[in-house]
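Chains as they are written, first to last, in the working numbering: chain C, 1 to 747; chain H, 1 to 81; chain A, 1 to 158; chain G, 1 to 287.
Honestly, I wouldn't trust all of these hints.
[To be verified] Derived DSS-like pairs: lysine-lysine, alpha-carbon spacing no greater than 30 Å straight-line:
id : chain 1 : residue 1 : chain 2 : residue 2
1  : C       : Lys405    : H       : Lys3
2  : G       : Lys245    : C       : Lys124
3  : C       : Lys127    : A       : Lys118
4  : C       : Lys741    : G       : Lys257
5  : G       : Lys51     : C       : Lys69
6  : G       : Lys37     : G       : Lys158
7  : G       : Lys51     : C       : Lys620
8  : A       : Lys2      : G       : Lys51
9  : G       : Lys51     : C       : Lys741
Keep in mind the hints are simulated off the structure, nothing from the lab.
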Amino acid sequence: MAFDEYQKREFKQVGTRPNRPDGVDKVTGRAMYGADMTLPGMLIGRILRSPHAHAKIKSIDASAALALKGVKAVVTGDDFARPEDDFLRDVQENCMARGKALYDGHAVAAVAAIDAATAKAALKLIKVEYEILPHVTDVDAAMKAGAPIVQEGRTLENVPAGMSGNVTSHSEFGHGDPAAGFAKADKVVERSFKTAATHQGYIEPHAAVASVTTDGKADLWCCTQGHFFVRTLCAGMMGMEASQLRVTPSEIGGGFGGKTTVFIEPVALMLSRKAGRPVKVVMTRDEVFRATGPTVSTSIDVKIGMTKDGRITAGEAYLRYSGGAFPCGTIDMGGQAAFAAYDLEHVRTYGWNVLTNRPKEAAYRAPGAPQAIYAVESVVDELCLALKLDPLDVRLKNAAKKGTKSSYGPTFPDIGLVATLEAAKKHPHYTAPLAEGQARGLSCGFWFNFGGNTCVSLNVNTDGTVGITEGNPDIGGSRASVSLMAAEELGIPYEQIRTIVADTNSLGYNDVTDGSRVTFAVGLATIKAARDAVRKMCLRAAKIWDIDEEAVEWKDGAAVPAGPNAGRFPPMTLAEIAADSFATGGPIAGHHEVNVDGAGVSFGVHLVDVEVDRDTGATKVLRYTIFQDAGKAVHPDYVEGQMQGGAVQGIGWALNEEYIYGRDGRLQNAGFLDYRIPVASDLPPIETVILEIPNPGHPYGVRGVGETPIVPPLAAISNAVSRAIGTRMCELPMSPPRILKAIGTTA
Amino acid sequence: MVKVQLWGSLRSAADGRTEVEVEAKNFRQLLDGLRAAHPGLAPQIERGVSMSLNGVIYREAWFTEIPPDAEVVLMPYMTGG
Amino acid sequence: MKKLHVSTTVNGDPAEFVCTPDESLLDALRNRLGLTGAKEGCGTGDCGACSVTVNGRLVCSCLVLAAEAEGAEIATIEGMAEQDRLHPLQRAFIDHAALQCGVCTPGILVAAKSLLAKNPEPTDEEVRYWLAGNLCRCTGYDKIIRAVQSAAAEMRGA
Amino acid sequence: MRYLAAQSVAEATGALAAEAGVTRILSGGTDVLVQLKAGMVEPDLIVDVKKLPGMREIRAEAGGFRVGAAVAGAELGEHAAFCAAWPGVAEGFQLIGSTQVQGRATMAGNLCNASPAADSVPALVAGGVVARIAGPGGERDLPVADIPAGPGKTNLKKGEFITSFFFPARAMGASDAYLRFIPRTEMDIAVSSAAVNLTIGADGKVSAAEVALGAVAPTVVRVPAAAKAIIGTKLDDAALAAMAKACEAACNPIDDKRGTIAFRTHTAGVLACRAARIAHERAGGKA
């Protein structure tokens, strides 16, 4: 049994907006984030990074660093055993280079010293002899014959012969015969797009404190989206057994996908093992940009045909993604997501992943989808303009719905796209007047959503309160949602429940907090754990009343006789059952362990008004409205928060955020000054409209909501800007110089 | 027999087809059947595949029963942010 | 590097520490005094997560030398609540769900308090510009602006 | 590294002159601390000049103002009389960084960091503001325009630092304005910028003007030809077009991560015209 069917019900607590349990700690500065942890005798670790985009490491001489007073250990790639597993080896080599530095910022050595100043001084004493190799950072250039090869021998069997050695994988999705579809179109538009790599931009840099002892045990505290995965990766690299490595997640200062892997954690562990003392490693912001996981950079061609009345006859996309210096599978997600919003007879996507001398991509909210959907939604908008059709009507006419064979294969069950489009159409924003120089854009967005491995324990305390232990770091208010669902199921007040995120020894394996899975999957496991506890409490009541277990049911937080034949007993509350638990068989707990499937896809539609200054190319976002299907909004405040936050990240991506590499292959803007994430004054209020089309795969109908909202802003804003200036923009970000160039003001 | 839809780039590993039939009552048997009938699919199955069964995506779940006439679509194993 | 001895006042209480001459006030607060409420998001004054006030003036503590704290009055997030009574801004941030991960929250609260001391009735635009140096990546700022305005109204007695 | 909180000008200049190694002045520290953090500079001596007498004062002098070199942006912004007389200087200064940075940043630091994109400098140059410099040999005055020597370089000698700026008395009908282009609304370094300082005569026409551009050359540049284009006019379209052209001609920018040559050149002209209109309106001019 993998998932529970949705059953319509009246909610008493789910859907309300109580205060989050971690709120006071976070507004008083008490919450402990990655860098806030300190241990007795702790050393400070720092990492030496390659200044070259691509270079052979001929030698590393750390003798002078080791001779410096206060330096306790130096680690290089040679300290790690070479993992046999390709994936693990890539993660390890990304944490610490071996033989070759593959990008500017690639770690080549690390030191642990008594304080930060000594560690910094020691880095300067490490002599690395490099042989600089030709590099390539652009995805299209890397595909050309004769391009420098980033890593040899990484091409999968599915790549057609004759392509550049940098192409690591190929995928094709879709159905029908696009050529036949294009033949039926009144208008066919074909466009090429480029999108820059962007960074998740979490405000908290990566931080880890490791303590390895001589008996082979280790403790690791770090900010991560998935400490069980951290344990798997680190144990693999350190040659440790999982049971001996306990990983405890700190509060996490943002992740958005970027903290779903490891960068410094194995380095901290190895330094601690060699130094025999606890070691803390905290990245600087410069290191975060140069050496963690930005998104793929892309180059995309899209071709779509449409009839005069707005029916799409065929769609085709060629997607070239680069996930940096190591193979990455994000291209598959892009290829599957590109046309997901449309009901198409003929659709095909072709994708290639390409190696470049850039840091290894990590996930970022709906990885791979924003870029592909941006290109598709831009071409749909251009067709609407050319055929003088209303862009919302066209999307409604072609919208995927229940029974549609999706562009990636499966036939959709109940989905909320048509409902979100209709909500957008009747919203006053859609018909609000626009002034001269202003324009409106819109785009659909989509994400698959995941379930995954999940364990939840629920302990009933003798005073009638409940403690919940779950294993997914809370990146957006999930402890509040989990408590709410438990409160709903148990029938006790939300305030009587405390949910914590526990370490790797306290629960079975939990997948990473990713794929918008937590409210869905942890919620489902929580509901099941609560039901498990309820069953046990009913059994205790049955024993006390001396009636059959089946004759007891749970209602409004109390055991009650199931019917008149069961006997006449007053309800026995959770608190009453808990109070007697020692005498009735011992403490009461519920738990549930499952690999959850049945996550429902989520669609959203964004509307945006912009104004472009034709003399400077500056774009001002005037009004923004989000419509999204949440299945069931457990805690609407945090659903809105996900929608608003995702949209604003997308706005940054559309307008200003980009990895800029110089000719020397070095990252030019490794800081918040020149990697420009939106600031408060850049933005209007972000209005949200939550729709609730229940997910049949969850007992409360919940769908993940975290990722979909980053998808539509790219095209919504590009469509608005293109309409405002009368020229189609085909590259992200639409920085002011690019807009002026497109207008023709500057050559 | 279960009809399994493959994604396009698996065509070359499945005798040029994107729909194949295997005898299977559950996801595990389906994977075993695919591997046996089309050894070229083995590398991708090793890397990871998900299965969509009547529109619901399963990332692992060997023992998920596949009813007769079910729509079965093979998908790459999904990872995300 | 020879260390310096610094006598200062933090959240109204006397505080002393030794520091290196090139150490930032942020590092001294976090590592010498154990006040980890101020966060280092960038170390270059671009994110505002380390906001504190020095002699009543809002600053990034990463851009102040610890040695400059000599004789100064420092206020940090740890001093914002009065014993067990949260400041209206702190309550408003919880009530309006104006935080998600919360790592930028201490800096934003310190900055917002400083704004309301200077301008008890700011427009939304004034709040947005005042807080432009406080990056938040989770919320899109919408709920933050609402929370600041709600606290401002409460503090005006409205 | 040593840190010295100097108690007198003589102590500061003496320590700076005596130090054989690398020295840095700490006034607001918003550039110096960033450079320290990045390891771009490893000073042997940092001299904190904030506590020197007069360094944080704004006082009337000879009908104008003398502004201490360590006056922070937020402090200057709170001085109503100064802001009324020199709105362009005040707005340029206050555009630097965030509210937090404004609590610390100083014009002297902004000037001596010697970035061509320094936001406070174009209006100081256009305003003919004079810096007072203390040094081992005593005091000297130098126009702000003569202080930057190139990116990251100034014409100050060893042991010298700025102690104050003198803003001359304002004529009737004089005002100024500063505009910069940045991709966001705050927190960026100017991609291009322009300051215009002008006076409107009794005939309603511009009688005197100075134009200075930022981020379009190795230093902030004065553009006399642009000033000439609007002198004797009421800022009609033709005058502004001629001004924009003169500005573009004075540009010698670079392509970098923040902007292209073409973009900087074009927007410098656009901003100069817009700043001129604002200064004109502030000075009481009517189009």
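Now the hints, each set against the structure:
1. A threshold of 30 Å between alpha carbons decides the hint, and for Lys405 of chain C with Lys3 of chain H the separation of about 15 Å falls inside it, so the pair holds.
2. For the proposed pair Lys245 of chain G and Lys124 of chain C, the alpha carbon gap of about 50 Å is over 30 Å, so the pair is violated.
3. Between Lys127 of chain C and Lys118 of chain A the alpha-carbon distance is near 53 Å, which puts this suggested pair outside the 30 Å criterion.
4. With a C-alpha separation of about 16 Å, the suggested pair Lys741 of chain C and Lys257 of chain G falls inside the 30 Å cut-off, and the hint holds.
5. For the proposed pair Lys51 of chain G and Lys69 of chain C, the alpha carbon gap of about 37 Å is over 30 Å, so the pair is violated.
6. For the hint pairing Lys37 of chain G with Lys158 of chain G, the CA-to-CA distance comes to about 24 Å; that is within 30 Å, so the pair holds.
7. Restraint check: the Cα-Cα separation between Lys51 of chain G and Lys620 of chain C comes to about 43 Å, which exceeds 30 Å; the hinted pair is violated.
8. At roughly 22 Å between alpha-carbon atoms, Lys2 of chain A and Lys51 of chain G fall within 30 Å of each other, so this suggested pair holds.
9. Between Lys51 of chain G and Lys741 of chain C, the direct Cα distance comes to roughly 50 Å. Violation of the 30 Å bound is thereby established for this hinted pair.
In summary, the structure is inconsistent with hints 2, 3, 5, 7, 9 from the numbered list given earlier, while agreeing with the others.
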